Amino acid sequence: DSGVTQTPKHLITATGQRVTLRCSPRSGDLSVYWYQQSLDQGLQFLIQYYNGEERAKGNILERFSAQQFPDLHSELNLSSLELGDSALYFCASRTGYGYTFGSGTRLTVV
Amino acid sequence: AQSVAQPEDQVNVAEGNPLTVKCTYSVSGNPYLFWYVQYPNRGLQFLLKYITGDNLVKGSYGFEAEFNKSQTSFHLKKPSALVSDSALYFCAVRDAESGGGADGLTFGKGTHLIIQP
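Chains A and B, in that order, give the protein sequences.
Read in order, the letters of the first sequence are residues 894 to 1003 in the working numbering.
Read in order, the letters of the second sequence are residues 1192 to 1308 in the working numbering.
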């Protein structure tokens, strides 16, 4: 157990639907980072939050949004899902120079 | 902008032989460099990092990496490969001078390491 918790582990949904992925960072970590891993694009940085505030945006689609709550957990919302959104979504948190990743949520859009 | 290149999609090594997985990077400031490993259907596991100091960094499972500033490289090495080392390896970089608190890692596309018995 890395200390970063992601739920659910697997998600199967239909095109056009909306899903929410959840991430709880390691205890005490204020930063949360979201990544998308797909076969053709590798690991792509999506977005970063620090203590509830957005710090950086990467290759995140407009159909995707995220937030970090006062208890520091974060949610990634994916809407109007397309087949190409099928991927493994990771979150990570940071302590000093160390970045710890969760085990990911595998999203399958059918 | 920061970037990482892993020039080999796949590296094949016989068990017991030394292995090298290549990584080059580009950042505008000084780099913080990382290696992660991913086993099938698993998350990313940290192997080692270079922040400052000695250019040779030792990490988990007998892996090490050498930071070479002039060649902007951070190759992952192991003296004697094991079949259990077979996995997907990612190199990542962060600019030490990243501004505005934007300090996420940028990853390479990954290298499949296959150790043959």
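Rather than coming from a laboratory, the hints here were simulated on the basis of the structure.
Predicted model only: the values in this text are computed from it and were never measured.
Some clues are possibly wrong.
[Said to hold, decoys possible] Cut-off 30 Å, straight-line C-alpha distance, at most; resulting in silico cross-link-like pairs (DSSO-like, lysine-lysine): (1) Lys1300(B) - Lys1260(B); (2) Lys1268(B) - Lys1240(B); (3) Lys1240(B) - Lys1260(B); (4) Lys1300(B) - Lys1240(B); (5) Lys1249(B) - Lys1268(B); (6) Lys1240(B) - Lys1213(B); (7) Lys950(A) - Lys1260(B); (8) Lys902(A) - Lys1300(B); (9) Lys902(A) - Lys1240(B); (10) Lys1260(B) - Lys1213(B); (11) Lys1213(B) - Lys1249(B); (12) Lys1300(B) - Lys1249(B); (13) Lys950(A) - Lys1300(B); (14) Lys902(A) - Lys1260(B); (15) Lys1249(B) - Lys1260(B); (16) Lys950(A) - Lys1240(B); (17) Lys1213(B) - Lys1300(B); (18) Lys1300(B) - Lys1268(B).
Checklist entry - Does the structure keep Lys902(A) and Lys1300(B) at a Cα separation of 30 Å or less? => result Since the Cα atoms of Lys902(A) and Lys1300(B) sit roughly 23 Å apart, the hinted pair holds (cutoff 30 Å).
Checklist entry - Hey, Lys1240(B) versus Lys1260(B), does the alpha-carbon distance stay inside 30 Å? => result 15 Å, holds
Checklist entry - Taken at face value, is the distance from the CA of Lys1249(B) to the CA of Lys1213(B) at most 30 Å? => result Satisfied, since the Cα-Cα distance of roughly 16 Å is no more than 30 Å.
Checklist entry - CA of Lys902(A) to CA of Lys1260(B), is that 30 Å or under? => result 39 Å, violated
Item to check | Pair hint outcome, Lys1300(B) versus Lys1260(B) [Cα-Cα no greater than 30 Å] | outcome: 21 Å, holds
Checklist entry - Straight-line Cα separation of Lys1213(B) and Lys1300(B) no greater than 30 Å? => result 12 Å, holds
Next on the checklist: Check whether the Cα positions of Lys902(A) and Lys1240(B) lie no farther apart than 30 Å.
Outcome noted: 28 Å, holds
Next on the checklist: Lys1249(B) and Lys1268(B) were given as a pair; does the straight-line alpha-carbon distance stay at or below 30 Å?
Outcome noted: The given pair, whose Cα atoms are some 10 Å apart, holds under the 30 Å limit.
Checklist entry - Hey, Lys1260(B) versus Lys1213(B), does the alpha-carbon distance stay inside 30 Å? => result Judged against 30 Å, a Cα distance of about 14 Å means the pair holds.
Checklist entry - Given the hint that Lys1240(B) pairs with Lys1213(B), does the C-alpha gap stay at or below 30 Å? => result 15 Å, holds
Checklist entry - Lys1300(B) and Lys1249(B): Cα distance at most 30 Å? => result 23 Å, holds
Checklist entry - Holds or violated: are the alpha carbons of Lys1300(B) and Lys1240(B) at most 30 Å from each other? => result 18 Å, holds
Figure legend: structure checked against the earlier numbered hints; the only hint not met is number 14.
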